[in-house]
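Chemist: Please put together the full structure from these sequences, using the hints given.
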Amino acid sequence: MNNKEFIAELALRSGYTQADAQKLVNTLIEGMGDSFEAGENVSLTGFGTFEVKKRMERVVVNPSTGMRMLVPPKLVLGFKPNASIKEKLKNGGDGND
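In my numbering, the protein residues as written are 207 to 303.
Just so you know, these hints were derived from the structure itself, not from any lab.
Where is the CB? At the ideal position from N, CA and C, for every residue including glycine.
Just to be clear, a hint being listed does not mean it is correct.
Stated by the list, open to error - Simulated crosslink set (BS3-like; lysine-lysine; CA at most 25 Å straight-line):
#1 LYS280 / LYS260
#2 LYS280 / LYS259
#3 LYS286 / LYS259
#4 LYS296 / LYS280
#5 LYS210 / LYS229
Stated by the list, open to error - Here are the simulated distance ranges between beta carbons:
#6 ARG274 / MET238: 32 to 38 Å
#7 GLY221 / VAL267: 33 to 39 Å
#8 GLU215 / GLY237: 19 to 25 Å
#9 PRO279 / GLU215: 37 to 43 Å
#10 VAL265 / ALA214: 24 to 30 Å
#11 PRO287 / ASN208: 19 to 25 Å
#12 THR271 / GLU236: 29 to 35 Å
#13 ALA214 / VAL266: 42 to 48 Å
#14 MET262 / PHE285: 17 to 23 Å
#15 LEU216 / VAL265: 16 to 22 Å
#16 ASN232 / GLY252: 19 to 25 Å
Modeler: Right under this line is the structure:
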C-alpha cells in the first residue's frame, strides 16, 4: 500500500475528505518526528512502540582491503509491534481488518 492508497482508505474509513486525511497524516508524522528528534519514544496503543536507540561506536573491517574503520555512535529508530499485531503476522495476516 502506497501513500495515496493509504490516504484514500483512511478517508473512506474515517469519513473525512482525502485532503483532510492527508493533513491528519502529515500532522501525525510531523509530531512523531519532533518526538524522535527530542529522543522520546512514541507508543501507539494497539499498534506498537517506536523507540529511539543509541547505537554505540564500533570498528568495522573493509573485506576487500582489510582496513579497519571506526563508525561513530548514532541514533537509530526501532519499532516493537504490539502482541496482537505480532500474533496476526504469525498467523499469516488473517483477520487484518
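Chemist: Which hints from the list above does the structure break, by number from lowest to highest?
Modeler: Violated: hints 4, 7, 10, 12 and 15.
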